[in-house]
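Listed in order, the protein sequences are those of chains H and F. Plus 59 on top of the position in the first sequence (first one is 1) and you've got my numbering. Plus 59 on top of the position in the second sequence (first one is 1) and you've got my numbering.
By construction, these hints were calculated from the structure, which means they are not laboratory data. Fair warning: this is a prediction, and the values are worked out from it, not measured in the lab. Some hints could be false.
Repeated chains share a single entry, so a pair holds when one copy, or any two copies, can fit it.
Listed next, the in silico DSSO-like pairs over lysine-lysine satisfying Cα-Cα at most 30 Å (straight line) [as the list claims (entries may be wrong)]:
#1 Lys205 / Lys283
#2 Lys282 / Lys230
#3 Lys166 / Lys184
#4 Lys181 / Lys166
#5 Lys279 / Lys205
#6 Lys230 / Lys283
#7 Lys205 / Lys282
#8 Lys230 / Lys279
Protein chains: 2
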Amino acid sequence: MKPDGNIPAPAVRRLSLYLRQLELLWADDRQKVSSKELGAALRLTDSQIRKDLAYFGQFGQAGVGYDITELTTNIRRILGTDRTWNVLLVGAGNLGSALSAYRGFAKRGFRLVAVFDSDKKKVGKPLLSNPELVVQHIDMLEDEVKRREIHLAINAVPAEAAQQIAHRLVKAGVKGLFNFAPVNLDIDADVAVASVDLAVQLEQLSFQVSMNQSIADAEKTRKKRRKK
Amino acid sequence: MKPDGNIPAPAVRRLSLYLRQLELLWADDRQKVSSKELGAALRLTDSQIRKDLAYFGQFGQAGVGYDITELTTNIRRILGTDRTWNVLLVGAGNLGSALSAYRGFAKRGFRLVAVFDSDKKKVGKPLLSNPELVVQHIDMLEDEVKRREIHLAINAVPAEAAQQIAHRLVKAGVKGLFNFAPVNLDIDADVAVASVDLAVQLEQLSFQVSMNQSIADAEKTRKKRRKK
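Isolated chain H (complex conformation) (with noise of 0.2 Å):
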């Protein structure tokens, strides 16, 4: 891998989508795949997956193509996701449950070790949608991302909260941010942030649905008028 830190963004989400690639080959007892086949289930050139793979170093022998195994011990590797990250969660409101109870995250290597929430009525009762995890004093926020060293957060608090949060975040040690509040937040260089908000999401394709039909509409009008 070159740190180089000059690697394209895509490039690097689509690593992942390689990844479940192979990991479904390897679940059909495969052993090797070309960078044509790969690039045909993943709707991809296969130029494409060369060029992306060749960022990170060489892999796979042309003729042959990639080892399963080899591959995707590789991009585990340079993910990051061959080892295990304690992740915390700040906010047990619906959202900050919501995603307490998704185990895609623990799949993947992301263990979800602490929850904070400032609200007392939470504050000492195990959360319903993931039982093993009690919620803490948002007091103790700092104390805990010390003491279990955790890189990485989610940060599921309402927008008003979410800078205050992000900033006390990365004072204590945080290194990468997933941040669930519809706000852009303000953080050192340093730091990696992720960004989603899905009722956006949900807004953004009732946007692109209301505008579809409206065209839709302008052409049948258009249409009616040039009949009569």
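Using the hints, position chain F against chain H.
Relative to the frame of chain H, chain F by itself:
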């Protein structure tokens, strides 16, 4: 609104941000806001905001700013969230259950009205995470889409089933898909798709954190060598 289909996607995404900020101001009993103040709160320039809004019409008055209630109403209309959308969910597994518990959708007018799964152990039973919803067999999908005029669907099935389910949803009449499966869906151009893969997002974070660490380590080694 100019339904010409040529509005940049980032401008539409920012509409969602503007809406949230306007709602916060509204909750504070504010009546007017300038593009400058809106920009400062969202870390955007005021000219960006004016440019984005100009795609959709003429809002606000020079020197006076925007009327908060009026702009809120207009943005909701543009985004199609001035109405209630019936939404269905396919997949009552961990992720689907988590999503069904998330109340952020309903708050924005997205009402989850039906849940489908192919697992006979789940069919006919209420969702633990949202007991108002009883899981229906996937064979009922097409009938329900038509009967309840459902235009938006959340696809939370495993990767290997996602394409087939997407195809059935679109054939039944769904116009917008919120896809949580880690696959590139092959879908008609007139159907809107938004994709989120939560585990991929965490993987991208762990990549970035690992990479930043490598860069910092390399820097340290270089400095040490120089000292010798």
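Hint check results:
| no. | hint | result |
| --- | --- | --- |
| 1 | Lys205 / Lys283 | between (69 Å within a copy, 27 Å between copies) |
| 2 | Lys282 / Lys230 | between (61 Å within a copy, 25 Å between copies) |
| 3 | Lys166 / Lys184 | both (25 Å within a copy, 26 Å between copies) |
| 4 | Lys181 / Lys166 | both (27 Å within a copy, 22 Å between copies) |
| 5 | Lys279 / Lys205 | between (63 Å within a copy, 22 Å between copies) |
| 6 | Lys230 / Lys283 | between (63 Å within a copy, 26 Å between copies) |
| 7 | Lys205 / Lys282 | between (67 Å within a copy, 27 Å between copies) |
| 8 | Lys230 / Lys279 | between (58 Å within a copy, 21 Å between copies) |
Of the numbered hints listed earlier, not one is contradicted by the structure.
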